[in-house]
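Peer 1: Spelled out from the first residue to the last, the chains are:
Number of protein chains: 4
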Amino acid sequence: MPGNTFGTLFRITTFGESHGAAIGVVIDGCPAGLKADIDFIQSELDKRKPGLSTITTQRKEEDKVEILSGLFDGVTTGAPIAALIFNKDARSKDYESLKDVFRPSHADYAYQQKYGIRDYRGGGRSSARETAARVIAGAMAKQLLNTAGVEIYAFTDAIGKIKMNRDATQKELNNRFSNEVRCPDETTAALMKQEIEKAKAEGDTLGGIVCCIVRNCPSGLGQPVFDKLQADLAKAIMSIPSVHGFEYGSGFEGITRKGSENNDEFFTDEKGNVRTRTNHSGGIQGGISNGMEINFRAAFKPVSSILKPQQTINQKGEIAEVKIEGRHDPCVIPRAVIVVEAMTAIVLADHWLRMRTDKLY
Amino acid sequence: MPGNTFGTLFRITTFGESHGAAIGVVIDGCPAGLKADIDFIQSELDKRKPGLSTITTQRKEEDKVEILSGLFDGVTTGAPIAALIFNKDARSKDYESLKDVFRPSHADYAYQQKYGIRDYRGGGRSSARETAARVIAGAMAKQLLNTAGVEIYAFTDAIGKIKMNRDATQKELNNRFSNEVRCPDETTAALMKQEIEKAKAEGDTLGGIVCCIVRNCPSGLGQPVFDKLQADLAKAIMSIPSVHGFEYGSGFEGITRKGSENNDEFFTDEKGNVRTRTNHSGGIQGGISNGMEINFRAAFKPVSSILKPQQTINQKGEIAEVKIEGRHDPCVIPRAVIVVEAMTAIVLADHWLRMRTDKLY
Amino acid sequence: MPGNTFGTLFRITTFGESHGAAIGVVIDGCPAGLKADIDFIQSELDKRKPGLSTITTQRKEEDKVEILSGLFDGVTTGAPIAALIFNKDARSKDYESLKDVFRPSHADYAYQQKYGIRDYRGGGRSSARETAARVIAGAMAKQLLNTAGVEIYAFTDAIGKIKMNRDATQKELNNRFSNEVRCPDETTAALMKQEIEKAKAEGDTLGGIVCCIVRNCPSGLGQPVFDKLQADLAKAIMSIPSVHGFEYGSGFEGITRKGSENNDEFFTDEKGNVRTRTNHSGGIQGGISNGMEINFRAAFKPVSSILKPQQTINQKGEIAEVKIEGRHDPCVIPRAVIVVEAMTAIVLADHWLRMRTDKLY
Amino acid sequence: MPGNTFGTLFRITTFGESHGAAIGVVIDGCPAGLKADIDFIQSELDKRKPGLSTITTQRKEEDKVEILSGLFDGVTTGAPIAALIFNKDARSKDYESLKDVFRPSHADYAYQQKYGIRDYRGGGRSSARETAARVIAGAMAKQLLNTAGVEIYAFTDAIGKIKMNRDATQKELNNRFSNEVRCPDETTAALMKQEIEKAKAEGDTLGGIVCCIVRNCPSGLGQPVFDKLQADLAKAIMSIPSVHGFEYGSGFEGITRKGSENNDEFFTDEKGNVRTRTNHSGGIQGGISNGMEINFRAAFKPVSSILKPQQTINQKGEIAEVKIEGRHDPCVIPRAVIVVEAMTAIVLADHWLRMRTDKLY
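Protein chains in written order, with the working numbering: chain A, 91 to 451; chain B, 91 to 451; chain C, 91 to 451; chain D, 91 to 451.
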């Protein structure tokens, strides 16, 4: 059953396995007339590229994007945009020892049950390497949204028990990729890095929270009932490997407030713009953006690929010990930040196009 | 742009406004040969019916379901099942005073911006009354899942600051609808009821958490990449009015654990079934159910319709005071529990059918 | 598996059986702000209403449309529009004798094989009565297209061996529903009527051709590759019961022309409009409307419900004779003309909305 | 707006332009466990490869398929299968002279109107070269259908005025690709070849008819109402460039028969199989396959790229003469036969999978 396509009007289909020939994406529905900046796409990919720092996997992939179709003289034509990244540093032999055992908290067992076959090399299709394809699509979505002035900022809000306990300034947001952990607060970032290095030294891993805010988003994005903006964002974000939670606006914390404390009063600002005094709605009301800042948070579990030996079973159901080799991230958050931005951009681009058919005109 | 359809193989389309002639649903894709128990559908609807207790809205709706198609001698034929509930106790005049103002934290403003027109009577399409249609569809989905033994239990886990701090027993789960707040712990339920009554007396409202667990779910549900089971569940639950957060398995809390603490080790139990010793995965790995208990939690904000006067603006952008009349729930959780179950059932039924095309056979 | 939904942005879902409680449709995606003329919808339905003349079935159905949702003060709000027709003159007992036999060239056998159960009363879901729901949706689509000036004219081009061998004038097109057979040429119409009456007297039935032309259609409708305008029109028309062929522009006849004879040369007319000297392209090039008149033809087989006794088998596979009772059309064409228009309008409305996201602006 | 995806459960997305880097396809939904024969895919591609004979275009493309994903040890894993053909012999300079004029009966003008930009090199996305990607997908669909014994035979039934006036034998069907025109009757094939050579010599082109029959198709494929098997086949076939007509079973010819002549009587054959004495239904009743042979015909217009000078307009709307250079087919039918088979296989594979959710079991 197909499950590799996302979006309705800005629609992406990804393909490829971690240790296959290539991973890639087809973007169908990008409007004609958009000047595509390939360098920008590459710079986005570079933000999730492995091997960039001591706290990420040491797999060396250049992750160079190749655009195969959909552009003419650098401009979109309305035709599908296919893009590829060839895999270069796959070391499948690292996985030979894993072909008969199910790694704890990985997709191995579930895939085997579902399909009766699995590509065990690097996790195959279940590898987070697939998200590179999403970043390509996200980079196109961002360029589309740029024409409307929409700005998307994701950043690391927590790593394990280390949390950034304040809002970021606009300048900090602009520089969010300037440190290795992608936390806008440099002091917190340093602490987070230490924490990751410590876990790595122990052969262990950490989780955390990515926060995302969207500025200058027009009102009207999202559809009533099932395709509410928060519902589509939740699906997009929850489809990223390791994400176990999503909340927007008042989120989980807001449940202890009373309605009179939580409601966002409307007013008209000095420029004549309708705004709300608080923003517990997170920029979305009735499933539809209201022009205020959209904000949400995603909880990532600690990476399942730990280097410590673990108990598990093999394909026959017998007890087995597994010791994961291969090159892995001790914490996925720093590289996931750009993936969160990409999925956010894809959802917003889709709904920005969907909005065009709302009214008679 | 269409947004009123949910699901791929078990697909529902809802329609109708709070104060229109009727609300309803078309279920397309329910397999032929299922004996449909209409009394069961009605009993599910009765669990979200307004006016049942002192802590819910006093609108009196019988919410009687009428099945128009898709059954022959009480059995599904494969044809679409259309079901209706006629609205009987709409008091649209209660809303006359609201037609020119935007209620804080409601859909009013966003709808107006999006469509240039809105049905202000009872919130029109944005009303949670729409969820009655989902309950009908959920009741059919449950009957379908029953043939595979799948059991779904949602219940109230928190109301405002009152929280049930333990797991429910199977017996408590079976009796989860026996008290008005739908909390399996009777003592906590009593406290919750008091809390709601207190808020109601103040003209205020409360939020809370609904927890849902699924037992006896086969492995293999969910699809890799975008249509992961947790992603589709998140979308389904986040599309319910007032939900601001979704988490499954280790959720937000789990981010402070290390990988070695969070991983779920596999073993084979005495019956030969593969199980995990812990279940931080929440029954889902790589986006696919692994046969363990599925569990998730949904955060509901406090109801926006408070009876206290509030500052807002009118359609001209001028400051206005709004005092909401009408009949409203001081807390939506007790009636939302069955809606969470319905959406869960719809997602699982869909993926249970999708699973049929995974393998060659 | 769902199969009762058609369209992507202007999307309809129909439901209901011939002898069930009601038939109906949900239209999702009709833009907000369209003034809906219910009388017009009813007048469209009246064009396919049974019992109108001596050459149609004598089943008496008022076919009165009831709109349940999606309108506010008579204007579309962007919410789904649900519409119903209650069945009033179903005589299910006429079908008792047919419950164990498979009528030749009907859906009986195929449905039984597919579903293991079938609603034999009046053909259940396979009845052409379902097309009344399409006419309702088509009437809304026409009103939407009216805002762009698009004009749709279907008419009877052939009944059995009687054919209208010339183009219709604009005046004749405007009056196409003025005679019972819906043929713009009154002389031919009279011959056709005789032919139908003759077949009816023999307990036999006739087929024919419906031609459809679309005037004032903007260029740009249709999508490259799979969703070409002719492909979506073909699917729409071929989904109408009894249709066995579809051709547009040069069609089947054109295969004997050479490229140099068949190509349509462009020129700019005195008003500065780009036109072609011939129109073998039928108004569609590369899958996309080019602004010229769109034209196509649909072949309808003779009605399968003949009153003569026929050989067949029963559910046990034994030879049986079947004699169809009930009330049936000796020729479906006169009532199918409006259905062809409806499906055409639905396809064009869908592509007219889809066109809005083609370009950056 | 996306339009490059076809199918619901066996779903393909194609991409690439005639003179771009590559063309390709992503197949999503092919069940796991299918042994993929890459040589077979290549042999299918070879049947539409350009430059094979004197009566096809002289463009030299090896059309070598590369599979990038979805297979593990040569077996499908349930992951999307991406396949590429790199373009090697594109001579874009042949098209320089065409960049400002609209070739008659091509997509040039319609694309320009729709998108405001077009890739004029070889027709860009509108080129029939895109169908090579469909052939790859069709080859996978055929392998899937092989597991159920389904056999698909398309062949050339007419070229211009030369028509094969009889049914083909099974042996002739098996050898349908043994001559250059793909007509099972060798004598007719020779005449057709002469006709094509004659047209080619004149710088002119021909159209024709491709007939397709499907043997051993199970009953139950197709869905009631909109996704009738004939409707999805019609869409699939009408989406192939140059196709202007589609008919199945009794088709256009059948409209002159009476119901009593056209109805197919059921009987049980000596093996206990339910069959019909005639097959005017073309193997499909009520939109669903009935187990009889499925048959349909597609009308192809003469190729629009003629070498004779033609009148047209340029992008400014001024009269211009166009003389098409480049390498073109004088008749598309011989290479289109395998494309018709591919699209047929894709539709049948899709419905064969869809059938799995029809019934409770």
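You may find that some hints are simply not true.
Any copy, or any two copies together, can satisfy a pair, since identical chains are not distinguished.
Heads up, simulated SDA-like pairs for lysine to any residue below, C-alpha to C-alpha not over 20 Å straight-line [said to hold, decoys possible]: (1) K261 to F176; (2) K150 to G381; (3) K361 to A410; (4) K406 to E276; (5) K261 to E383.
No lab work stands behind these hints: they were computed from the structure.
Peer 1: Confirm or reject each hint.
Peer 2: Here is what the structure says about each hint:
no.: 1; hint: K261 to F176; verdict: neither (36 Å within a copy, 45 Å between copies)
no.: 2; hint: K150 to G381; verdict: neither (42 Å within a copy, 36 Å between copies)
no.: 3; hint: K361 to A410; verdict: between (67 Å within a copy, 18 Å between copies)
no.: 4; hint: K406 to E276; verdict: neither (49 Å within a copy, 45 Å between copies)
no.: 5; hint: K261 to E383; verdict: within (16 Å within a copy, 45 Å between copies)
Taken one by one, the earlier hints fail for this structure at numbers 1, 2 and 4, listed in ascending order.
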